[in-house]
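**Q** Let the hints inform the model, and build the full structure from the sequences given.
Sequence order for the protein chains is A and B.
The first sequence begins at 25 in our numbering and counts up by one.
The second sequence begins at 37 in our numbering and counts up by one.
Some clues are possibly wrong.
[What the hints assert, rightly or not] Derived DEER-like restraints, expressed as beta-carbon distance ranges: (1) A/Gly282 - B/Gly124: 22 to 32 Å; (2) A/Gly71 - B/Lys452: 54 to 64 Å; (3) B/Gly124 - A/Leu241: 33 to 43 Å; (4) B/Lys72 - A/Met281: 36 to 46 Å.
[Claimed, not checked] Straight line, CA to CA, 27 Å or less: simulated DSSO-like cross-link-like pairs of lysine-lysine: (5) A/Lys136 - B/Lys412; (6) B/Lys175 - A/Lys366; (7) B/Lys58 - B/Lys235.
None of these hints come from the bench; they were simulated from the model.
Beta carbons: idealized from backbone N, C-alpha and C, even for Gly.
Here is what each chain is made of, one letter per residue.
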Amino acid sequence: MIPEAISPFQQAYAQRHQRARKWKEESRKVFGYLYSPVPEELLSAAGIIPVQLTESEEEQDAALGRTRLPDFYCDFILSILGQGMKGAYSYLDGLVIPDACNTIRRFAGSWKLNIPTSYFYYLTPPIEATQGARVYYTTELARFKQSLEDYVGKKITQAALRSAIEVYNHNRRLLQRLYQLRLQDRPPLSGSEVVEIVRAGLVIPKEEHNQMLEKLLQQIPAQPGKDHARTRLLASFFIFEDCASGELNVLKMVEEMGGEIVFDDLCLGPRYSWEPASARGDPLEALVARYLGNVTVSFRRFLDTRLGFLLEQARRYQVNGAVFIIPKYCDAYLLEHPYVEKAFKEAGIPTLMLETTESLATQQVRVRLQAFMEMLG
Amino acid sequence: MTTEELRKRLEQRNLQIVQHRKEYTRRYYQDLAEAKSKGIPVAHTSAVGPAELLYSMGFEVCMPENYCTICASKQIAQPFVEAAEQRGFSRDLCSYSRCALGMLFLNNGPYGALPKPDIVIGNPIGCDPYTKWWEAWAKEYQVPFFIFDVPFNFSGEIQEHELQWVVSELKRLVSFIEEHKLAKFDYAKFQRSIMLAGKAFDLFQEVLNMRKAIPCPRGLRETVGDIFYIVTQVGKQEAVDYMTLLVEDSRERVQHKIGILPQEKFRLFYDNIPIWYRLQLIDYFAQKGAVFVVDEYTNFVWSGYYFIGGRFDPEKPFESLALKLLWVFNNVGLLPILKTYQRCIAEWHCDGAVFFSNRSCKNLSGENIDKAVVLKEKFGIPSMSFEAEMADPRSLYEAEVKARIDAFLELLEQKKEERR
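**A** Structure below.
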């Protein structure tokens with residue numbers, strides 16, 4: 025892909041804090057959130073701009089986070105807390121945290137204790153879409169909606185919610201088109217480019233992201249893919265900041281070595297875009313149906329669900345190998361990994377697991393990646 | 037009888053209580069081993085069970101987590117954690133899960149291998165491994181796996197829809213068990229189980245309240261053993277009987293002002309899980325006159341609902357159990373935890389707090405720094421911390437920890453002298 029087509033996405037992400045501060049100057053409300061289980065449509069319908077909290081490129085942010093949370097927590101969450109403590113997120117009016125893992129539980133408490141934030145909501149999304157869970161989540165999302173209405177001082181109308189659902193569904197459709205392009209023998213977009221495109225959408229209003237995606241997708245047919253078929257890889261990440269920014273760029277390393285990441289299961293990538301909400305009927309019920317049982321964080325979904333999804337995509341995208349990047353100290357993913365590795369082996373797909381820390385892109389990782397790529401031929 | 041004679045008699049009784057518990061524990065594991073041959077179904081669960089429900093349905097309830105504590109305290113955990121690591125489980129993982137998986141892979145344990153389960157039950161209450169470890173466990177044994185879901189109690193204010201969701205999850209567990217033809221549910225038996233569990237929790241709470249006395253009649257070294265009943269035996273008469281012994285013992289001690297230590301100089305709060313393979317560190321505190329009068333793990337992790345003043349109602353057994361699960365303190369947010377700590381410091385007259393930064397329990401250790409800062413800044417309570425893992429003996433640097441303990445107790449001594 026030509027760099028100019030990707031650069032607006034890169035810029036949107038790089039300037040995320042400046043842009044959010046500008047929205048504040050325009051008297052707009054900005055909320056932070058984490059991961060894919062938060063129904064952003066409700067925030068958007070309340071006139072709030074949701075921005076996903078992400079890891080920074082500055083190592084000192086994680087170091088600051090370590091003054092409150094233990095050093096045996098993942099760098100991702102340490103960095104976010106550190107950024108909060110130093111004021112990088114002082115523009116946030118509120119925060120919505122989903123119950124994604126025990127680290128998030130403790131991060132949420134520490135943020136609430138240490139960083140003044142006028143609105144705070146902790147949301148537990150059910151693991152399974154049972155009847156009892158449906159009753160619970162219907163009340164829970166209604167309660168969440170009510171609390172947002174109380175905060176902004178006005179009702180979220182049915183029409184506003186339907187409109188937000190349509191914007192988000194459109195975003196999901198566009199992202200799916202992006203992923204479908206990677207089915208080709210010679211995908212026009214590299215894995216790292218896709219990550220940068222998806223990531224921008226997490227920190228800007230979805231309407232804007234949709235416009236950018238439409239423009240990009242129009243440009244793509246004219247762009248040829250790489251001139252030769254490369255080793256096709258699936259990459260499974262829990263987050264992607266570590267691999268898409270600064271020196272910590274595993275994806276780009278893979279690409280430099282002749283690999284093509286044709287599929288990823290970033291919890292903010294396809295997992296984020298896979299399912300639309302129904303545009304018919306009661307919009308709140310549509311959101312319940314959309315989010316219930318569609319949780320993608322490891323702690324709150326079954327391993328077999330993830331495995332089934334990953335193996336299906338591995339076949340569909342015809343991958344030759346799979347790279348699993350797991351943040352150091354992540355109990356949920358580390359406990360799953362021996363079984364994931366076994367299932368991929370049985371499916372005839374070689375795997376490489378990298379346990380990440382701040383010093384991920386070290387020579388050692390490069391050597392392991394090289395050996396893996398050579399093995400795949 | 038002189039005070040010295042009474043002290044000796046009470047010490048003797050304490051030894052008898054320990055002996056009774058040890059024999060009972062061995063018998064319990066023996067019963068577990070023999071269950072299959074007697075046609076009794078076996079459920080493997082995390083330490084939050086729900087034992088009350090499963091016992092009432094005729095299960096033998098096996099908690100591998102408890103087996104790990106025994107394994108570690110018998111100093112035999114290391115080969116098991118290493119066996120799990122050799123099979124691809126990261127050393128950064130919870131050491132209970134590594135130890136248990138190692139026991140499974142090596143088909144061994146403190147009293148032999150655990151019996152094969154008929155069902156494995158997980159939940160998101162305790163931590164990430166509480167869902168993922170048990171999922172792995174069910175895969176290894178190739179038996180049905182069930183997760184009962186519970187929302188995180190972030191604010192300490194349980195909403196009705198949250199409670200009803202947990203009730204529906206417990207009922208779903210009952211249906212799952214019946215659909216798999218493992219056991220049958222009997223409402224009256226469940227009510228009785230809840231009644232018995234409530235009695236045990238009540239009595240345990242009574243002991244805890246008596247520990248407010250100066251000198252303290254029972255310390256952490258004793259309660260780490262007591263919770264075997266609160267964790268694995270709730271819903272059984274045996275738990276009630278054991279707690280009755282403890283109440284009698286503590287009552288007599290309080291009445292005669294005979295503390296668990298010969299000389300009580302410092303009253304401390306302990307945060308986190310005990311170091312099972314080096315419980316002697318608690319003795320090290322005791323040798324210097326420091327007693328842990330209240331602690332997070334034994335006092336409100338398992339019976340947090342009782343600690344905050346809740347009580348079981350056998351007329352509402354599902355709701356009672358659901359509230360207990362919502363108030364397991366692993367499942368509670370920082371702000372309500374801090375309120376509880378404030379109560380502990382004030383009511384149990386603590387001079388200081390000890391934080392175990394347990395690399396193996398990321399959930400319980402996460403907010404140690406915040407807790408220590410709040411205790412110091414709001415309540416003037418000093419604290420010390422040390423780092424290790426609860427069941428992996430390779431993680432402890434004992435000399436360093438002892439040096440910290442010495443320095444901390446010297447600081448408390450200075451503070452006492454300043455007050456004089």
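**Q** Against each hint, give a clear statement of whether it holds in the structure.
**A** Here is what the structure says about each hint:
The hinted window of 22 to 32 Å between A/Gly282 and B/Gly124 holds, with their beta carbons roughly 28 Å apart. Hint check: A/Gly71 to B/Lys452, Cβ distance near 58 Å, so the stated range 54 to 64 Å holds. Range check, B/Gly124 to A/Leu241: Cβ separation about 41 Å, and the 33 to 43 Å hint holds. Taking 36 to 46 Å as the suggested C-beta distance range, the pair B/Lys72 and A/Met281 does not conform, at roughly 53 Å.
The suggested pairing of A/Lys136 with B/Lys412 holds, with an alpha-carbon distance near 19 Å, which does not exceed 27 Å. In summary, the hint linking B/Lys175 to A/Lys366 is supported, as the alpha carbons are separated by about 12 Å, within the 27 Å threshold. A hinted pair counts as satisfied when its Cα atoms are at most 27 Å apart, and B/Lys58 with B/Lys235 qualifies at roughly 22 Å.
The structure does not agree with numbered hint 4 stated previously, though it agrees with all others.
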